[in-house]
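**Student:** Those protein sequence lines, which keep their order, are chains D and B. For the first sequence, position 189 matches number 189 in our numbering, and the numbering has no gaps at all. For the second sequence, position 194 matches number 194 in our numbering, and the numbering has no gaps at all.
These are computed hints drawn from the structure, not numbers from a lab. Hints are all accurate, no fakes.
Quick list of the computed label-pair ranges, beta carbon to beta carbon:
| id | chain 1 | residue 1 | chain 2 | residue 2 | range |
| --- | --- | --- | --- | --- | --- |
| 1 | B | Tyr25 | D | Met41 | 44 to 52 Å |
| 2 | D | Leu360 | B | Gly202 | 47 to 55 Å |
| 3 | B | Glu29 | D | Met41 | 52 to 60 Å |
| 4 | D | Ile402 | B | Phe15 | 27 to 35 Å |
| 5 | D | Tyr63 | B | Ala18 | 50 to 58 Å |
| 6 | D | Arg279 | B | Glu37 | 50 to 58 Å |
The C-beta atom is built at its ideal place from N, Cα and C for all residues, glycine as well.
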Amino acid sequence: MVAIPSLMFYVFIFLSVYVQVFFLVTFLENRKHILIRNGKMKLSRYPKVTIVVPCFNEEHTVYKTIRSLLYLNYPKDKLQLFLVDDGSTDGTWNIIRKFEKYPNIKIFKKENGGKYTALNIGLEHLETEFFGGLDADSFADPEALVRIMSYFEKDASIMAVAPSVTVYNPRNFIQNVQKAEYHMGVYLKQMLGFLGAINVTPGPLTIFRKKVFDDLGPYKHGHNTEDMEIAYRMQKNHYKIAHCNDAYVYTSTPGTVKKLYRQRLRWIYGFINNTFDYRGVLLKKKYGNFALFTLPTGIISIFSVGYLFGRIVYNIGDFLYSRLIEFQVVGFHFGREVNTFDPFFFNIQMSLFLVVFVYLIVLFAMIFGRRMSDGKWRFSPAMLYFFPVFSIIAPFWIMKAIWNTALSKVPAWR
Amino acid sequence: MDNKFDWKKYLIVFFITAGLFATAYYLSEYFGGRKVEELKSIQDKIAIDILSSETQFSLLSELSCKNISDSVFSGQLGELGNKLEWSQNNLGATEEVSYLRKYYSLLQIKDYLLTKKISSRCGTKASFILYFYTTAENCSECERESLVLTSLRTKYPELRVYSFDYSTELGAVEAMLKIYKIKDTELPALVIDDDVLTGFHGIEELEFMVKKSFKLQETKPLEENKKSAS
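Pulled out of the complex, with its shape left as it was, chain B reads as follows (with noise of 0.2 Å):
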């Protein structure tokens, strides 16, 4: 009989595949990595635009509005929120990835700063989202949210949504949900004009609010938002 079991062979076989899984692993690592690397020089690339929009608004702060050019306003921010999100879903939520996570609320917080700041000196129109959410635990309220905010988003373009997630060990972060009374058992919340509102509102409700911020600054650009920031 030539049907005798052949255990070298099964395994040769064993060691081929287990060498072939190993290739596939470092593949898709190396993949990966490439991936985190994008995210970075997008990051970096994020940190001198708001760098620079500060230094140009310190310089001119002096000067009249009309030198402020549209870079200031950093598009790829949204771009660069897409990709970590999907990062954490499809990459795992690896040390690097929540790292850059930070690092992204960080440069959310600073690019509002300094938006509200020109949009107040300067009368440019723009509305503020704050979006606290949670990865923590399953939220069905917030993935619904985002989709709200994400619709809304793309309806008004001036309109700037910022999200955090509530569960971010950043001291700014953690400021900001100390400043706005933000309880980990109402999310989502939503900071509009400064008026905190928990749980989850339909998309019409938004909407109105969003279109009454735009309408209190064509009116009073400079006074009322400086009130409403006091």
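Looking at chain D on its own, in the form it has when it is part of the complex (with noise of 0.2 Å):
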């Protein structure tokens, strides 16, 4: 009767143990190797790196990206800046051109195209053996990108850095549960680079080295997610990835829940879509951890989230159903139901072992993420509210990502 659904619960439990227990495996063997440096570095030698900013309506942070991009502890004549204006419609291409006569900073207007498009306007005229991009809804940390060439000063097999990326100010409830939400971020970024499973570039500041494009070709639509399906590009090819946590960009977040739902439609509809596309990868052992693990965890927690939503939205209706047929034989009764809490009644499943165990590993994440990110070993309630309000609304943008999916309907930036 109940034994399938049961059952099904189990397995998804005991896959999300699995997750969190190697995270935190990968964790305890590489945890020497976490750096995280403190002031300004020098390297021996300081290639030159264009950056990109694409911008497509951002007049309110544009300017201030180009700043911290001109404020990055880096000589101005090794760091060439490519502004990309792709087809706005508001006052983002007159504060682009106030920046015209840095000698350093090449501007360009073109029609709108999708930030792909504006990326690959700047690989077409890169002139550099390093490239990246920039979103101009985020800020780059002074010490950022010296931090992040060190890397690959470091091991010339390295051909792309991504850095750590933490919320901008965050202002409201849902903002600084996001916080909360890339501060685990950080972690697992991080214990996936370790790992060699990175599947997204992000936007905001990863490098990349010249040859990438040269091998692989330039960006592409990529359901509307290109620094996910450079990632799995660069995964199928062996080139490999890393993650420099000490390399802070922060970036504007969502300030309402049904943005975020935007956005996070976008991220599963692209995850979705580009690993139907690459699904040649998954699970071949020669693309290793990113194709035996990274793949599988988020097709997995897909699942879990669905199956769980499905489940809550049972009980629910399942107490309702119950509740009017007791007030159809009885009647209401108010306050009859003031019983005296009895521990008795507190049901100590297996489940709760290990949803309590999961929950305190995902705790343990966000907190040495900011540790990583702020280098405080801080708690915050925000950590907490996490759980409640992901539960509740992820299942919302998944389904409906599925749902997009299934009519091959590509949801739009914002």
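Dock chain to chain to rebuild the complex, using the hints, since each chain is given by itself in its own frame.
**Tutor:** And the structure:
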């Protein structure tokens, strides 16, 4: 009767525990290699880097984004900036034009064609050994670039380095919850970096060797997640991606649930469809942990969130139905339910221990992620809100993304 | 490339996860076992209460009813019933739980017989409902009837409801089923003052019958009950 759903429940719990333990073991293996640097650093050689800022209607943030690049601790003559206006309809172009006179800044204006086309303009004009982008809603820490470049200096086989992305100036509840989530993301990204299994090279300040694009071609549409598609392409071709945990980039995050929903819908849709496009990689041993861990984990999490949501909806429905029957049979009796609490009725199931265990590891991930990005060992209440908030709202964008995939409807950027 | 597939790690993580599962399983078994222990101790206490009441009753049967203390009515029977039902739903219908349920049925019958005796002899205010239901099949009428009875019981503390699962394999329960000629096709079934009612009965109807039962006792506490019992 209830055997199959509860068996599935335990399968999903097993897999979630497995994933969390896998991350934890990776952490324990590599904890000595986690480098958190303070202050300015020097490189023995400063290779030339080009950073492209693709903009579409970003008049509120683009000035600050460009300023943050100009403040980077990197020799000015080694840093080339391309500002690309992707057919903005607001004041973005006027702001960009103010930077035209800078010797190391080039500006471009084109018809709107999507972020990947703006990045490709940059690639077409690329003359340097290294290439990166910075989304026009994000701001780089002055030390970010030099720390990223130190990774390339250390290891010639590294083809791309992703920074730690955290939330810029969180003002409201939903942004604070995202801040906790991004902290967890920093930790997980670092672990995936150790595993050689990173699946996104985020728009904010990932730096690539030029060779990546020379060999693999320019950016693609990638279901509106071009930064995921390029990472998949690199993994497929065994190009190494590292994560530099102490290179900080601050990004503006959606301030409302509705905007967050749109953003996540795009991400999950991108994940589902890029994974589908690269399905040949999945579970193939030669593609390493990316194929055997990252992608399966993403797929499992989509299924388990869908399943858990179904379960919660079923339980709520069941509860309401029994209340309805009770109302029909005996009517309302206020205050009748006031029972003194008896610990006997506290259900100590096996799943309870496992769920608590998973939550504790996730909490650790957030706290350690914060340590890696803020330098502080600190707990914040948002870390606890994260669980209920995301478990209520995440199923909606996940299911919508599945739905859109089924109808092959690409979600808009915003 | 350092992203070669390290199968050992996958295996180690698998064993750690399996170990965590086993630990969680044993912990839940441990707490489940503690609950069963708690149930057992409540049952033992009730058994002592009933035995003590019976003894008290036989000791005092030649004397006046004044000496019957309030403690004869074991208030914990209802609580035990709730806990057993919860255990059946949440710990699973294990052998231990079903054994405890049998024992509980027996205690209910004993309590019923004793309370009835005391009430008819000493005229204490009490009304009885025997309730037969089933858990073997999906019985939505039973669920609704249970809600009615729970509500009635909170309203009338003197009302004693004894519930029996039709499928309990216990001679005493089977004897009751025979006495009142209750068939499994007619569940839920209720016995109030020796009247057998089958199918669902609403709260108004039962409340009326319970009130009537109380009234009968008030007028002729002794004879009336003896008559209906015979």
